[in-house]
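Engineer: Please take these sequences and the hints and turn them into a complete structure.
Protein sequences, first through last, are from chains D and Z. Residue 53 in my numbering sits at position 51 of the first sequence, with consecutive numbering throughout. Residue 633 in my numbering sits at position 317 of the second sequence, with consecutive numbering throughout.
No lab work stands behind these hints: they were computed from the structure. Just so we're clear, the structure is a prediction, and the values are computed from it rather than from any experiment. Just to be clear, a hint being listed does not mean it is correct.
Computed spacing ranges between beta-carbons, pair by pair [unchecked claim]: (1) Z:I624 x D:G115: 22 to 28 Å; (2) D:K76 x Z:I321: 46 to 52 Å; (3) D:G115 x Z:F325: 21 to 27 Å; (4) Z:T609 x D:E101: 44 to 50 Å.
Listing some non-contacts, in silico: residues in chain D with all C-beta distances to chain Z over 10 Å [to be verified]: (5) Y11; (6) E33; (7) G34; (8) D58; (9) N71; (10) D77; (11) S112; (12) A135; (13) E170; (14) S179; (15) N205; (16) D218.
For each residue, glycine too, the CB sits at the ideal point set by N, CA and C.
Residue-level listing of the chains:
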Amino acid sequence: MILNLQNIYKDYQQDKLVVPVLKDVSFQVEEGEYVAIMGPSGSGKSTLMNIVGCLDRPTSGTYELAGQNVLALKDKELSAVRLNGIGFVFQNFQLMPKESALDNVSLPLSYAGVKKKERKERAFKALERVGLADRATFRPNQLSGGQKQRVAIARAIVNHPKILLADEPTGALDSKSGKQVMELFQSLNDEGVTVVMITHDINIAKHAKRIMYIIDGEISEHVREEKTE
Amino acid sequence: MFENIRLSFQGIWSHKLRSFLTMLGIIIGIAAIIAIVSTIKGTNKQIEENLIGSGSNTVKVQLYQGDWTYDFSYNSVPTGLPVISQDVLKQITDLDEVEEASLYLSRQDYDGVYYKNTSLSGGYVMGVDTNYMDTCNYIIQEGRGFTQKDFDEYHKVALLDKDSSQALFQGEDPIGKTIEIKQEPYEVIGVVTEKDTFEPVINSIDDYYTYMQDASGKIYVPDTTWSIIYQYDEPQQLVVKAASTDAMTNAGKKSADILNANISVSDDSIKYKSEDLLEQAKNIQQLSQSTNTMLIWIAGISLIVGGIGVMNIMLVSVSERTSEIGLKKAIGARKSVILGQFLTEAAVLTSMGGIIGVIVGIVLAEVISKISSTPVAISAPAAVVAVLFSMVIGIVFGMLPSYKAANLDPIEALRHE
Chain D
3 MILNLQNIYK
13 DYQQDKLVVP
23 VLKDVSFQVE
33 EGEYVAIMGP
43 SGSGKSTLMN
53 IVGCLDRPTS
63 GTYELAGQNV
73 LALKDKELSA
83 VRLNGIGFVF
93 QNFQLMPKES
103 ALDNVSLPLS
113 YAGVKKKERK
123 ERAFKALERV
133 GLADRATFRP
143 NQLSGGQKQR
153 VAIARAIVNH
163 PKILLADEPT
173 GALDSKSGKQ
183 VMELFQSLND
193 EGVTVVMITH
203 DINIAKHAKR
213 IMYIIDGEIS
223 EHVREEKTE
Chain Z
317 MFENIRLSFQ
327 GIWSHKLRSF
337 LTMLGIIIGI
347 AAIIAIVSTI
357 KGTNKQIEEN
367 LIGSGSNTVK
377 VQLYQGDWTY
387 DFSYNSVPTG
397 LPVISQDVLK
407 QITDLDEVEE
417 ASLYLSRQDY
427 DGVYYKNTSL
437 SGGYVMGVDT
447 NYMDTCNYII
457 QEGRGFTQKD
467 FDEYHKVALL
477 DKDSSQALFQ
487 GEDPIGKTIE
497 IKQEPYEVIG
507 VVTEKDTFEP
517 VINSIDDYYT
527 YMQDASGKIY
537 VPDTTWSIIY
547 QYDEPQQLVV
557 KAASTDAMTN
567 AGKKSADILN
577 ANISVSDDSI
587 KYKSEDLLEQ
597 AKNIQQLSQS
607 TNTMLIWIAG
617 ISLIVGGIGV
627 MNIMLVSVSE
637 RTSEIGLKKA
647 IGARKSVILG
657 QFLTEAAVLT
667 SMGGIIGVIV
677 GIVLAEVISK
687 ISSTPVAISA
697 PAAVVAVLFS
707 MVIGIVFGML
717 PSYKAANLDP
727 IEALRHE
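Structural biologist: Rendered as structure tokens:
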């Protein structure tokens with residue numbers, strides 16, 4: 003079991019008012035699964051994503067990532083988990099605008115202390131994997147939206163994380179680019195990478211093997227027996 | 317680290333004007349300090365050279381009564397004050413600090429030296445030993461110098477320096493002419509000059525009084541003939557050539573101690589004292605330095621103001637790059653990585669300011685020296701310290717913005733656009 007969340011609560015303090023965002027959320031994800039989390043805006047899916055991504059801590063509950071109780075970890079150790087265990091893909095790509103695609107992809111490797119030569123090699127391989135080897139020297143503003151997102155995915159997988167977290171990965175893309183990104187996720191999943199994807203688009207969510215719905219901070223599950231398309 | 321430096325340059329370069337304006341405070345501060353330090357150093361060197369003369373390193377050890385040199389023209393030789401013997405001289409020459417030592421007698425004469433009807437008023441008559449010209453770095457410019465025979469056979473021969481030659485002969489060739497010293501005829505055999513002709517740089521009337529005391533001309537005669545014109549058994553003065561400029565103070569003091577050990581005068585205010593030019597120079601230097609130290613403090617304030625400017629712009633830079641910081645933290649950058657990145661940027665910014673400041677300061681110092689004709693001496697250590705110091709300013713004032721960046725909440729930061 004790669005993700006095991008039990009009785010997660012998250013409250014936000016708004017002035018004097020305590021706003022509950024997640025109410026008793028529990029779910030598990032097995033290694034190699036492809037899960038979509040769906041829900042309308044304000045449902046708490048981004049908050050859940052942040053907790054799964056070790057960017058935020060729940061108010062209460064337990065969370066184990068690959069058997070490790072991450073809520074007990076210190077800041078420094080959480081950084082290491084984010085660096086080596088999780089790959090992030092964001093809706094708006096979050097690329098460094100002044101760096102080439104290759105440098106963007108090699109960024110996490112530099113935090114991992116990988117030597118420069120090896121960094122370039124591994125970053126290049128990751129770019130090859132997403133089919134953008136010929137764009138390695140391009141800057142983000144020279145790339146299309148779909149290409150940018152593929153560079154971001156290359157960055158997410160360059161450290162070979164166990165789990166790929168995607169927050170509305172196709173939200174800023176046209177349908178053709180979106181389809182390419184989905185195909186990429188599928189093939190990564192086929193290679194054994196666990197994919198957890200947040201979306202509000204049912205057509206995108208359909209690519210996953212399992213869909214979870216989150217409404218008003220509460221979760222309900224829907225398992226798809228087989229993949230469409 | 318190199319990565320951080322590269323990123324810093326990229327960041328600085330992408331906001332050229334902003335970076336330059338930020339650096340300006342540092343540039344002005346460092347430039348001012350470098351200019352002041354260079355000027356101080358130049359002035360100090362000038363004071364030292366003016367007093368000591370370039371590289372001659374000679375120290376006079378003279379007989380004093382209280383604060384004044386003992387004057388044999390009005391006073392007789394006090395009992396218990398012996399003539400300095402060759403043995404004593406050898407003790408002095410054997411000192412580590414002393415390269416050469418030589419004995420001389422001197423008299424300031426207002427009415428005793430004549431060539432025809434021209435008198436050398438206020439000039440000095442010096443009775444010197446065989447070693448004197450070497451010790452004091454004099455060379456024969458015209459004619460000949462003293463020979464051993466001149467000393468042994470009491471030849472009444474004289475050497476002039478440029479000033480006395482000019483004063484007595486006014487351009488006429490002095491060699492072979494006869495002058496009168498205390499009504500005794502002396503034949504001029506040569507003109508001497510200092511080996512390294514050194515003219516003190518005079519910028520003000522104060523400088524003139526400080527440096528030009530004995531520029532009224534000297535006449536040298538063999539010390540063996542001193543008794544003919546003045547008196548018998550007059551105790552000599554001493555001049556030592558120190559092994560180095562730094563050894564001057566000690567060479568003088570130790571020599572004076574040796575001489576004082578041999579005297580037994582009842583008036584204990586009569587003593588040999590070394591004329592410590594190095595200390596004199598230091599005293600004058602200190603005077604000019606204390607005013608300039610204040611200027612350095614004022615320039616230091618400019619550095620602090622510059623540092624605050626850097627802090628301010630770094631804060632702007634942090635908030636501009638909030639989402640970048642958020643992303644970096646999300647994909648695994650530790651706090652220390654973010655901290656390091658911003659501290660490096662601040663340090664690179666101020667170091668660049670420091671380097672530019674040093675260059676501007678050197679140019680400024682040269683311009684000052686051209687305008688006010690004071691010399692400058694660029695100090696390499698000062699330049700290095702200035703650059704390092706500006707780097708420290710960057711680190712100190714970059715601390716707050718960098719901490720702010722490192723502690724940004726990645727969720728907030730990512731949401732920020």
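Engineer: It remains to establish, for every hint, whether it holds in the given structure.
Structural biologist: Verification of the supplied hints:
no. : hint                        : verdict
1   : Z:I624 x D:G115: 22 to 28 Å : violated, 35 Å
2   : D:K76 x Z:I321: 46 to 52 Å  : violated, 29 Å
3   : D:G115 x Z:F325: 21 to 27 Å : holds, 22 Å
4   : Z:T609 x D:E101: 44 to 50 Å : holds, 48 Å
5   : Y11                         : holds, 17 Å
6   : E33                         : holds, 21 Å
7   : G34                         : holds, 23 Å
8   : D58                         : violated, 6 Å
9   : N71                         : holds, 19 Å
10  : D77                         : violated, 7 Å
11  : S112                        : violated, 6 Å
12  : A135                        : holds, 21 Å
13  : E170                        : holds, 12 Å
14  : S179                        : holds, 21 Å
15  : N205                        : holds, 25 Å
16  : D218                        : holds, 20 Å
When each numbered hint is compared with the structure, violations occur for hints 1, 2, 8, 10 and 11.
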